[in-house]
Amino acid sequence: MPEKRQFKNAVIMNNIEKYFGNVAALNGINFEVGANEVVGLIGDNGAGKSTLIKIITGVFPPTKGELYIRDKKISLKDYNVKQAYKLGIEAVYQDKSLGEKQDLWRNFFIGRQMTNRLGFIRVREEKEMAQKIMFDIIGFRGAGITAESKANKLSGGERQGIAIGRAMYFDADLIVLDEPTSALSLKEVQKVLNFVRKIKESGRACIYISHILSDVYEISDKFIILDRGKVVATIKKSEVTLKKLSEFMLKYAHVK
Amino acid sequence: MKHLKMSIAKLVKIEGLTIIGVFIALMILFIMTAPHVFTGYRIYMSFLQTVPPLLILALGLTLVITAGEMDLSFSAIIAFSGFIFCFIFRTFGTPWLAFILALLSGALVGYINGLLVAKVGVPSIMATLAAQFFWNGLTILLSRGLSWNIKEIRPYFIHTLFVGRIGGIVPAQSLWGVGVAVFLWFILNRHTFGEHILFIGDNVDVARVMGVNVTATKIKLFVFMGVISAFAAILLTLEMINFWTTQGAGLLLPT
Chain A
448 MPEKRQFKNA VIMNNIEKYF GNVAALNGIN FEVGANEVVG LIGDNGAGKS TLIKIITGVF
508 PPTKGELYIR DKKISLKDYN VKQAYKLGIE AVYQDKSLGE KQDLWRNFFI GRQMTNRLGF
568 IRVREEKEMA QKIMFDIIGF RGAGITAESK ANKLSGGERQ GIAIGRAMYF DADLIVLDEP
628 TSALSLKEVQ KVLNFVRKIK ESGRACIYIS HILSDVYEIS DKFIILDRGK VVATIKKSEV
688 TLKKLSEFML KYAHVK
Chain B
3 MKHLKMSIAK LVKIEGLTII GVFIALMILF IMTAPHVFTG YRIYMSFLQT VPPLLILALG
63 LTLVITAGEM DLSFSAIIAF SGFIFCFIFR TFGTPWLAFI LALLSGALVG YINGLLVAKV
123 GVPSIMATLA AQFFWNGLTI LLSRGLSWNI KEIRPYFIHT LFVGRIGGIV PAQSLWGVGV
183 AVFLWFILNR HTFGEHILFI GDNVDVARVM GVNVTATKIK LFVFMGVISA FAAILLTLEM
243 INFWTTQGAG LLLPT
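Chains as they are written, first to last, in the numbering used here: chain A, 448 to 703; chain B, 3 to 257.
With a straight-line cut-off of 25 angstroms between C-alpha atoms, the simulated DSS-like cross-links for lysine-lysine are:
#1 B:Lys-121 - A:Lys-524
#2 B:Lys-222 - A:Lys-548
#3 A:Lys-600 - B:Lys-7
#4 B:Lys-12 - A:Lys-597
#5 B:Lys-12 - A:Lys-574
#6 B:Lys-222 - A:Lys-529
#7 A:Lys-511 - B:Lys-121
#8 B:Lys-12 - A:Lys-600
#9 B:Lys-121 - A:Lys-543
Chain B stretches covered by chain A per the calculated footprint, using a threshold of three residues with CB under 8 angstroms from any CB of chain A:
#10 189-198
#11 202-210
A short list of chain A residues far from chain B (calculated; beta carbon distances all over 12 angstroms):
#12 Lys-455
#13 Phe-467
#14 Ala-630
#15 Glu-648
#16 Lys-669
#17 Lys-684
#18 Lys-690
Because the hints were derived from the structure by calculation, they are not lab data. Beta carbons: idealized from backbone N, C-alpha and C, even for Gly.
Isolated chain B (complex conformation):
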């Protein structure tokens, strides 16, 4: 009996075990209520296809929230960077230039957010809300409100790399989602940048007097979030082989 108690106590200590328990309980509930849906593989493939952009955004946002800030502009980055990606690809036919410029566009949005929050001192929830309206508006203006099809990108390697089907079944973006999760875990828990985020979120005065450059770290953080959002935008746009002006709008709340 004592043994059992001790092993339970040990189990509880393992990080994330409770949430895994909740997950398993939910899965059992799903399978019981709709057995023919949740015992087949198709539903899971469908999840792996649509969830990764959302997952990546949520992971990025975790860092922002850890620092005690908020970023509401990522849904606009999904649209704006997606548009940049399609526009560059359709104009020049070079997917990798499109990829890089799309990431840079996300960085630009993030940089402006960072300046507003860390230098000017606008509360992040307001600055990024305004940014959301601005970049969404700009995207609609630049795209003339149209949706842009890029089905020509299908044969390119970039399409296979990011959203291809591994073994004909598993969507590649799911692996990218996992990759980003692992990468961000290391950034937050093992990198100085992440440690500075942890301390800023904990107590900004402590961070400052201990030698953390709070302003620079916050700007970096928003740029980081911008790039991550842009990456999610690229995955989404590649999967849909299509850009549409409101493609980020549905992602704000779920994230």
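In isolation and in its complexed conformation, chain A is listed as follows:
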């Protein structure tokens, strides 16, 4: 049984704006993600998808607007990645999830190491825990990969597996996947999609970003379509077929 979350919405964005210099990357963004909802975030390159999720994950603050996490208003001044961790938000990025030349155990705990009071890392504990995550959560067995392997020894799918296992281990309420399947083979894509189903089953929320509409359609409860920094549509899965969604998206391809 999935445990019931104590809040209604994992994330609410209220009139969020983000400017880089004079360029508006996001403009008047309103959207919400339910406590146990899988939201497919779709839109063309440059629509603002990555900017939007980086605001949620605390990488940078919005220029204006209100952000609610687990129904509580966030003080944007103090919000950062570490705060987002504490609020149960985890992210898996397409190619920015692992330090390539670093050992896997370091990759699991970077940004929130297990340390003693002087800030020295408790290496043995981190290694043991990393090994345990790889065995129990990700299901890495054999294949000669251990917690002491370097990240660049792994295939694309295995890397995403590590990043996803990390998100699972830290028991997130909301897991953000930013184009997690772009570099993967078909078989590996299925693994990632299965993982998203697991997120849903375990009562968590998920924001899934992908170019591949069929994938997004398969796993999402709701679609939010971004175009040029604006939310142009929010559609429930029950209201649309994959074919209709594709036709709808073509409108925003801006092909002349």
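Knowing the structure of chain A, use the given hints to seat chain B on it.
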């Protein structure tokens, strides 16, 4: 035969073994070409006396380079912090105040470097090159271009502690050099600060999205390098019991 192959494979895996092999080969070459020099102990004592400041600088710089940055200002810190050390000691006669203020002066130079690189966004090679000219110039100005002798520091404990001769032979600075090496290994490989440096050097975007405060870490790193350089400056100045305005100039390239 198979056994032998496996043990060779195991040996190769040991970290740093190749470089030790190169070292041994070089030593053999030295001893063969100049046997009377390299079989006596004096040459090694001389090395242990002069190499530690250089070693300490190189170790500090390793951390900076690991983070994908560069610091060219340490040669100016050698001069500037050395000057501060001599100036405070000659003015107030208190070696430990001189020691602390010299380290702080290194931290100050490093902090300004860090601000320029991490906050303003100046490429570190340019920022620290400019810093080198600035702090060297300032040192010449403050010292009026003179070299300052501090032979009065010889009887003080600080002199014995940092550059004394253990058992009358082994220069103490060599142990400090080894100590700094061990300390920095632990910082880089076992401390969160070091792990953040590793990830920043690997991929700064990964570090950022995983919750590493890149700006603060870089500033800390340059301060750290500044303090390490200042420590090297103190060792050098104590060993020479003398400060001269260009004392860092020869160290830039070898490091």
